[in-house]
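**Q** Given next are the chains, with one letter for each unit.
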Amino acid sequence: MNAATANAEPRRPGLLLRLLGAGADAVADFGKLMIDWAVAVGGMTIFSFRVVGWMLTRRPRRETLLPNFYQVGVLSLPVVALTGTFIGMVLAVQSYVQFRVMHLETRLGAVINMTLVRELGPVLAATMLAGRVGSAMAAELGTMRVTEQIDALASMGANPIHYLAVPRLLACVFMIPSLTIMADFMGVAGGYFYSVHVLGIDMHYYFVNSEEYVGSFDIFSGVFKSLFFGIAIALVSCHRGFHCDAGAEGVGRAATTAFVYSFVIILVLDLGLGVFLDAVYNSIWPEGMKMM
Amino acid sequence: MARESGNEDIQDKPLVEARGLGVSFGAQTVLRDIDLVVPRGQTLAIIGESGCGKTVFLKTMIGLVAPTSGEMLFDGKNLQQLSEKELTRQRIRFGFVFQNAALFDSLSIEQNVAFPLRQHTEMTDDEIREVVLARLSEVGLAPDVMPKKPAELSGGMRKRVGLARALAMNPDILLYDEPTTGLDPIMSDVIGELILETRKKHPITSVVVTHDMRVAQKVADRIVMLYPVARLAGDEPQILYDGEPGRIESARDERVGQFVRGEAGVGDQGSGVRGRGSNGTN
Numbered sequence: 028m029n030a031a032t033a034n035a036e037p038r039r040p041g042l043l044l045r046l047l048g049a050g051a052d053a054v055a056d057f058g059k060l061m062i063d064w065a066v067a068v069g070g071m072t073i074f075s076f077r078v079v080g081w082m083l084t085r086r087p088r089r090e091t092l093l094p095n096f097y098q099v100g101v102l103s104l105p106v107v108a109l110t111g112t113f114i115g116m117v118l119a120v121q122s123y124v125q126f127r128v129m130h131l132e133t134r135l136g137a138v139i140n141m142t143l144v145r146e147l148g149p150v151l152a153a154t155m156l157a158g159r160v161g162s163a164m165a166a167e168l169g170t171m172r173v174t175e176q177i178d179a180l181a182s183m184g185a186n187p188i189h190y191l192a193v194p195r196l197l198a199c200v201f202m203i204p205s206l207t208i209m210a211d212f213m214g215v216a217g218g219y220f221y222s223v224h225v226l227g228i229d230m231h232y233y234f235v236n237s238e239e240y241v242g243s244f245d246i247f248s249g250v251f252k253s254l255f256f257g258i259a260i261a262l263v264s265c266h267r268g269f270h271c272d273a274g275a276e277g278v279g280r281a282a283t284t285a286f287v288y289s290f291v292i293i294l295v296l297d298l299g300l301g302v303f304l305d306a307v308y309n310s311i312w313p314e315g316m317k318m319m
Numbered sequence: 650m651a652r653e654s655g656n657e658d659i660q661d662k663p664l665v666e667a668r669g670l671g672v673s674f675g676a677q678t679v680l681r682d683i684d685l686v687v688p689r690g691q692t693l694a695i696i697g698e699s700g701c702g703k704t705v706f707l708k709t710m711i712g713l714v715a716p717t718s719g720e721m722l723f724d725g726k727n728l729q730q731l732s733e734k735e736l737t738r739q740r741i742r743f744g745f746v747f748q749n750a751a752l753f754d755s756l757s758i759e760q761n762v763a764f765p766l767r768q769h770t771e772m773t774d775d776e777i778r779e780v781v782l783a784r785l786s787e788v789g790l791a792p793d794v795m796p797k798k799p800a801e802l803s804g805g806m807r808k809r810v811g812l813a814r815a816l817a818m819n820p821d822i823l824l825y826d827e828p829t830t831g832l833d834p835i836m837s838d839v840i841g842e843l844i845l846e847t848r849k850k851h852p853i854t855s856v857v858v859t860h861d862m863r864v865a866q867k868v869a870d871r872i873v874m875l876y877p878v879a880r881l882a883g884d885e886p887q888i889l890y891d892g893e894p895g896r897i898e899s900a901r902d903e904r905v906g907q908f909v910r911g912e913a914g915v916g917d918q919g920s921g922v923r924g925r926g927s928n929g930t931n
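Those protein sequences? They're chains Z and A, same order as listed.
For the first sequence, the working numbering begins at 28 and goes up steadily by one.
For the second sequence, the working numbering begins at 650 and goes up steadily by one.
This is chain Z alone, in the form it adopts within the complex:
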C-alpha cells in the first residue's frame, strides 16, 4: 500500500490553477512590499518627530555641536567648491554651441547663473553632503549601534537621540545654506571663467544679461530649498544608522541606503519645492513673469 502510494506520481495542477497561484503570489509579494514600505515610512516619521521633539525641548551640549558643524560645514567646503566650479564650466561648454547658433552667446551668463542658483547649486551641495557626510553619519552611528555604544549612552542616562542625532541635524540645517552659497559662487565663477576667458564672450554683456534675469528671489529659493535637503539628509542618515543591522554588512548597507534614500528624497523635494516656490513667486509678482 505504502509502496504504491510512494510510486504514484503527484498530480500536476491544471494551467488555470497554476495561473491563479502565480497571481496570488504576485498579490502577496505586492502586499508585503507595501507593508514593508508603510513600516519603513512610519518608523522614519516617528524617528523624525522624536529628533525634532528633543531638539525643541533640550539644548544640545556645545561639545557635541562643534565637531559636527566642523565635519559637516568646514570639511565639506573644498569638495563642494571644486564640484561647483566644474559644474559652472561644464554648463558653459554645453550651452555655448546651442546659443552661438542663435547668436545669443552673451545670454550664456543668464542661463548658467540662473541654473546654478536655482537648481544645480543647492542640489549639488546636497548631493555632496549626502555622499560625504550622510553616508559617514550612517556608518558611524551604525558602528556605534553594532558595538553597543548607543546602548552604553542610554545606560549612562544620556538619550542617544539628543546626544547623537540632534547635533547632526542642527549641523546639516545650519551648514547647508553656506555650502549652497559656496557652490553657487564657485559655479558662477567657473562659468564666468570659461565663458569669458576661454570662449571669449564679452564680459560686460555676460554680466548685464545675468543681472537682468537672475534676481534675489532665485538665490533665496535655492538656499531655502537647501534647508529642506539638509533636514532630509540628517534625518535619513541618522535613522539608517540607528536602525542598522548587525555586522559589517549591516553597517555597509546603512551607509549605502542613507545616500540612496537621501538622494531620492532630495530630488522629490526639489520638484515639490520648485513648484511651490514658483507659485509663491507668481502670487507675489504676478506681472513679473520671467523669460527664463
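If you're looking for bench data, these hints aren't it; they were derived computationally from the structure.
The model shown is predicted, which means the values in this text are computed figures rather than measured ones.
Positions of the beta carbon are idealized from the N, C-alpha and C atoms, including for glycine.
One or more hints might be untrue.
On the chain Z side, residues computed to face chain A include the following (Cβ under 7 angstroms) [unchecked claim]:
#1 GLN176
#2 ALA179
#3 ASP272
#4 GLU276
Following the hints, complete the assembly by docking chain A onto the known chain Z.
**A** This is chain A only, laid out in the frame that chain Z set:
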C-alpha cells in the same frame, strides 16, 4: 528608631525583581515567564549557553530592552513606565560593563570614564580628573592611558576601562555582560579578581552574565541558569537552576551538569547545534 526600621524595610525590598517576564523579537521568543528576585548586596551570576537570553535579561533590567509580557522592577519601579527624567535618574544608579566594553571610539580614555560625570554632575574639570584617576587606579590602570583612544588598548585593558566607567557614578548595582569573553584564561582570572575586589570596595549588588563557569563560581553568591526557550519542552520553566554555586554540579537536571562540565550532551546534540546557531543575541 522609626528611621532605623524604615531603613530595614528598604534593605528587605529586593533591588531587582522580574515578574512573569517575557521578551520576544518578532516570532522568536527569547525569554518566557521569568520570575526572579535579586536581593540587595547579592552577586548573582546568570549562566547559560549562547542564545539563551542572558544578555537580553540584563538589558531588560536597565530598560534597554522592553519586555513583551510581565514586568521588570528596579527598586520597586517599572522602568518602562517612568518619565524620561525619572528614567535617567534611575539609570545613573546602574553601572553597565558591556561585552566588548562599548567605549566611545571618538573619545579618549579619560573622556570615556568622565562621560557620566560630565553628563550628570556639576563637578569641575579638576574634580572630574581626580575621580577618573581614582577609578582607573582601582581597576589597575596607570594614568598614562588617559590620553589614549580605546583602539590603542588591548581587549583586557578596554574591559578595565569599561569597569572604571561603570564605577564612575558610584552605582547601586553593577551589571556585567560577559566580562571575560575574548580574553585569555589568565586575563579572565584577573577580571574575576577585579570583580571580587570591586565588590569588597563597593558593597553593591552585582549581576554577572557569563558562560564562563570558572568566573561564575569564583565571584557569585548565587547562580541562575537559563536555557534557550526553543529547546524547552512544553511549559518547562526557562530557569533550570537557581541556587548556590557549590551545589550546581549536583543539580538534578542533567542539562545543568552538562553545561557545567562543558559537555555537548549526547541526546541533545542535534538540537543543540541548531539552537546555538540560531540566535546572535544571548
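**Q** Now tell me if each hint is right for this structure.
**A** To see whether the hints hold, each was checked on the structure:
no. : hint   : verdict
1   : GLN176 : holds, 5 angstroms
2   : ALA179 : holds, 4 angstroms
3   : ASP272 : violated, 10 angstroms
4   : GLU276 : violated, 13 angstroms
Checked against the numbered hints listed earlier, the structure breaks hints 3, 4; every other hint is satisfied.
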